[in-house]
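Position chain B against the provided structure of chain A, taking the given hints into account.
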Amino acid sequence: MDKLQHRKQVSKLIYDRTPMDLAELAVAEAVRMKPLPGNRTATCVTAEGWADASKLTWEVRANSRQHYRRCRKRSFLCFRWGRCADNAVRSYKYSPLTFLPLTLFEQFHRVANIYFLLMVVMQSVPAISSLRWYTTAIPLILVLMVRGLKDLASDLARRKSDSQINSQSCDVLDSQRFCTVMWKDLCVGDVVRVHKNQIIPADLLLLCSSEHYSLCYVETADIDGETNLKYRQALSITHNELTSEPSEKGLADFDGVAFCEEPNHRLYTFRGYLRWRGEDHVLNNEHILLRGTVLRNTEFAYGLAVYAGADSKILRNCGKLRVKLTHVDRLLNKVVIGIFVFVLLLSFFMAIGHGVFESQVARDAPALSALTPNGDFIYSAFLTFWSYVIVLSPLIPMALYITFDVVHVVHSLFINWDVEMRWEKNDSPARARNTSLNEQLGQVGHLLSDKTGTLTQNHLLFRQCCIAGRIYGDASISVEETQQMDLSWNPFASGQLFMSAPELVQQLKARRCPFSKEFFTALALCHTVMPERSKEGIAYKASSPDEEALVGAARDLGWVFHSRTRDNLTVLELGVTREYRVLAHLEFTSQRRRMSVLVREPGGGLKLYCKGADMVILERLLSGCPCLEDTERALESFAQACLRTLCVAVRGVPEELWEGWSKILTQAETMATSERDSTLETLYEDMECDLLTVLNTKAMLCTHMQLLGATAIEDRLQEGVPETIEMLRKAGLKIWVLTGDKTETAVNIGYFSKLLDPDTSLLEGQELREILHSADPGYSVSKARQADAWCVNKEMVWAKTALVISGPELAEFDKEPGIGAKLMGLAAQCQSVLCCRVTPGQKADIVQLIRKHSSSITLAIGDGANDVNMIKTAHIGVGIAGVEGGQAVQNADFSLAQFRFLQRLLLVHGRWSYRRISFFLLYFIHKTCNFALVNIWFSFFNGFSAQSMYENWFIAMYTAMYTSFPIQLFALFEQDVSAEGSLRCPELYKVGPRHQLFNPLTIAAMLAQTLFTSLVFFFIPYGVFHDSPLDYQTMAVTVSMAAIFCVDAEIVLLTRYWTLFNAIFLCISFSFFFSVTRLTQQPRLFLLAPDDYFFVGVSEKAFADPLVWLTALLAGWTAALPALIAFTVNIIISGPDKHRVHTISTPQLTEFRSKVKRIDSGRRSPRATSRTAGKGDVITSGTARHRGEPLLEDKLTADNGAIDLKMMPRDRRLPPLPPREPKPCEARV
Amino acid sequence: MSKEVGTENRPDNTAFTQQRLPAWQPMLSAGIVIPGFVLIGLAFIGIGVALFVTSRNIQVLERDYTGVERDSFCYGCSDLKVKNCKCNLNFTLDKLFEGPVFFYYGLSNYFQNYRQYGNSKDANQLSGDKEYFTEPDESCAPYERVGDVPIAPCGALPNSMFNDTFKLYQMVNGTRVEVPFDGKGISWWTDYNIKYRNPPGTPLSKAFEGTTNPPFWPRPAYELDTTDPSNNGFINQDFLVWMRRAALPDFRKLYRRITEGEYAKGLPAGKYTLVIGYNYPVRAFNGKKKVVFSNVSWMGGKNKFLGIAYLVIGSMCVVMSIVMLIVYAKFKFPDEE
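Heads up: the sequence lines are chains A and B, in that order.
For the first sequence, our numbering assigns the number 1 to the initial residue and increments by one for each residue that follows.
For the second sequence, our numbering assigns the number 1 to the initial residue and increments by one for each residue that follows.
Just chain A, same shape as in the assembly:
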């Protein structure tokens, strides 16, 4: 208890201070506090975590099942009680009882549905009812039904998956015995036993495990997508007490109480303490096994269920996908609102017309004037207003939204179903995670791409290395052509080493060179990889592909990393087992950009192995370090060959130094464990810097860092990337590559991936700055360039220029107002843009910049956690389901396995979707408006009395049955150009980014056509029916027929891709009109309900009347004439182009993947590299927080380091190497 109070004091102290003096404070506190053995560093704790411990109100009592059964969360209707959730997952929304009310409730959240419900209600008011109630009710019910069925289907699917999850089994302790129960019966407070490879059923507090020190390993792939194993460790108190005696009994007697935070969604933090036997023990994230993770490499783990079911972190963390509105959506909403306002306005004018008619005309006609209620024409006009709102309500396309939804879903399914977007290698198809953005895929103007893992494979191969200044391997020989070395002497060799350096192998086998020996020992020791032994050999589970490649290379060359325990690393060095005791593990962070491991050699010596970004390591070397120049030269050549490089160094550590340092380290770690503040990370960082620099000088005891060499890893471009980029550029997309890499690497990649043409010039640095600061960027640059280019044409100068901006420059520009717009203006004229060394935050800022300064649609594509910001900010986010974790995919709207599938996603699916949906919307609005507008023209001839032009049944069926199927099929199947044709002519894509199909202009044109059509619908029959003996009902049927003729003629003109379905459904809906009209005008129905079927016998007579047919035909034809003329003119003008596409698209399949042989073009080999890319030197401790792009160079530290290093004394332990001997090993061979 005193510990808790103590912590409160500390909290208070720290809360009031700045982070700067926190470091001191932490050390001081650490000394005072009794260290808790067995605990490791705290990971991440938010600042408020310090504030007060009173938030730890969630109390879990072990082995008190009955208690928690009672307080289980329950709910009835909207009442909820109980405190903790049970472990069942209930993602379904409806029960048989609540389905109907709930689904209706949800659906009437939509304004349109409420509006139509209102219409139905109004229609049943006799005074204003100009239509019968069912004219609106039938379509409304259909819409509600379709939507309801959709909800029901997805709910049933959810129920099914729920029950699958809930019926998984787990072992729960029940009075001294473990018995198997289903997940859903697990309770908070239960003690659970988890077997190897079992999924953890709830958030458990790890009590003990079958391994030493109660360690256990979990795989968190389902949570964060990381495939490496992470370890968790029980409190030493529970470990000691519970594993000493037979576990069941001990566990059954366990009566600790865990106090922790209320359930929350923070996956990486956990705060709490365990009160047991009168003592409090602090708990953190390291003690928690999260639901959904998998237990690995551990026989058993025993845990106490802390959060169950809906309270568990993973379920709390399930965010909802944001609703993104597309450009088309927004425009459509405006159109619909416009129509609504138009309806009200029209109704208003019609009501005025009615008033005037009543007062001027009807007054004199006794037959009419008697009908005016009380002779009050203003009241009558008021009623008429509402009547017109009803009569004109079909103008609002009610079925549009639901049909639109269905079309969207099917388009998304088409993306999911596309076999050509499935990557064979890992069986991952494309996924549309957000089903409402399809048409926007056809409108992308800016493509923002991450580099590593997106353009490149992120499947890393160890290609070259430089040991003591000598380069081994040759990266200019491609992977396929590399001769495999004979590694048969090594039973662990995997055959996956694509490096040919027989001399290195000989050296190693002969053990002649201490440098190469140390080099590979470093590779085998300095990492966070977990080995998994199986029959085939050893598989490595690494959090970053770099580590896997390095450890794998060491294994193939005879330094086999064999196993890891908490304190020991076992390495088989050319068959000799050597155990290294791990003394300290200096973790990787993106700021430090290096990691180190301090080990005690089997011989007893202490060594620190360090690897990291070349710049960081080189700074820490003593000047005059042997092989430095050679290594630097090697690094340069690696970079030119586009390889990712890391430097490896070693230093001997004197015992005295270790002893002093370890004390402070232990204290600091304890402090960190107990307090968990992110500021301690800084402290930790300082500690490590001390080790490397400060302590050296102070103690004058230890050796300096000794450079061993450098590794070169190849990260190859993904298949088809250059082709895809070239094609997308042809399609008019502006491609921006945003990377954390160095400028040179990024530019190299730019050339290889055809982002830049060989003759593209770069605009960067000072020149860029000058241009941006000049008054007229465009002018000045063309002038500047004119000097060396003959080309006077401004645009020509720009077309071959690429903008290269670095992160620091961006940050600089950010501060100046107005620069953003200039930059965008400049970028718009340039070929492409490369942003180097940008942070994840900046990536998102760039997206924001583009969104702010241009109307173009942005698509961000990336694969890592560092791209999440960008993906979320862009209009469309695409995640590459690749080697890195699933976070990008989790946040993306679409997921692809490979970058090259983007061309199909955009050029084929996107283009089709945009085209289909644009025409679908235009046509849909057109067809609903043109038939409803007729009522307006009719009003002028019926005294503005809101007399409907149509039979009620026709109105009810028109949108739902007579005209919906053909356009829906159009929206699903239409292809103006085949998939192959779309890919062959990427230029066709340009229509989308320019918003050419669905924009205010096309909408206006469509509305003008609608107006014309409705005029024709009315006035041609008017000419015929005027002063004739034909009655109103015949005219109603004639106009209906004309509308059907016109609408069907227009869909025929629109459809370019006639499948059997299109033809059949066109015929069906056409004949529906005739058969349903005949049916509803049957005498039998009239006898049942004279009020509803008063059109009895009309169609019978009208369909037999040639005059009606001729009139309807003429009206329908004339109404369709504008569409026909547009169609014909379109063919005449653009015919040959389309024709070309068609004729080229012979049935042969285009090979989607690149078959183009990669030809080395001079010094640029077709490979990608990233020395400092996001994952490049990530040697993480296993937590995702450390991931991310390295931040900007910390120049200050580096300088200090350099100064200190100069003053460092020489190494005592390692034999100093002759300084003037550049290739020591070679000399000895």
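Since the hints were made in silico from the structure, they are not lab data.
If a hint is listed, it holds; no wrong ones were tucked in.
Cut-off 25 Å, straight-line C-alpha distance, at most; resulting in silico cross-link-like pairs (BS3-like, lysine-lysine):
#	chain 1	residue 1	chain 2	residue 2
1	B	Lys86	B	Lys290
2	B	Lys253	A	Lys1101
3	B	Lys304	A	Lys1101
4	B	Lys302	A	Lys1101
These numbers come from a predicted model, not from an experiment.
Quick look at chain B alone, frame taken from chain A:
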């Protein structure tokens, strides 16, 4: 990475899922659409000519008898105060007016398509449902009841039934010979047989017991045609014709056909007198009344509009195609060379 990769995620490779449904993609070029356009235009012109010729061959005799003008033959009757006014329309036919001749009355500026007017009737009552004889529907208001007595047929539409009468005489050798009018079958079959039924009960007057006639009517419904029970009450042909609302404010309604005796072939040349019983007031709302004699063709009565419209649209198509041809020639031929 394991070499064996599952295929459970492989989507179905069917024509539908891969969007490769067999389809007909019409390859349209200017060479097809322009001639197509011309052909359609020509077809329309053809129909237009046929309609126009047919329409021209129809004989029509139309006379306004509102009697607004002073020199009009019905001038005396247009005053509402004059009851049972009769006026004579004399006309001469130069040649045979080919039969069968249809005789219409026409009204203009008369809004039969006014919504409230059209709804002002009781469909149930008119289909002979006795319940609604005592309780007429509200929609009939204000012609629902007179005092407490329900009206049958109720509503403004029946109430305003046209009640001018016509008799046609041919002057043969100085004597008037009545041309027989055929008033049967002028209404729709469905109206006569299904939509309108008399209430059960004989005599008809008994069935209408407890109701009164619409205020404008001089006599009750069951006395519309006392000579023929199958033309009386709600199934009176003139009543049915009236009840079928006109589409537009200017309309005509079939009154009689001339199909009997020697006039079945038509009205021979000669002098005729139409005696009009002028009862229906239209002057108040600037309405017009007229009588029309017409014969019919396969397309019904005379209708110049449709033929001309067809001709116009047809020729527009042809003109458009010529314009397109020019555009095509101008812009495309140089390219293709």
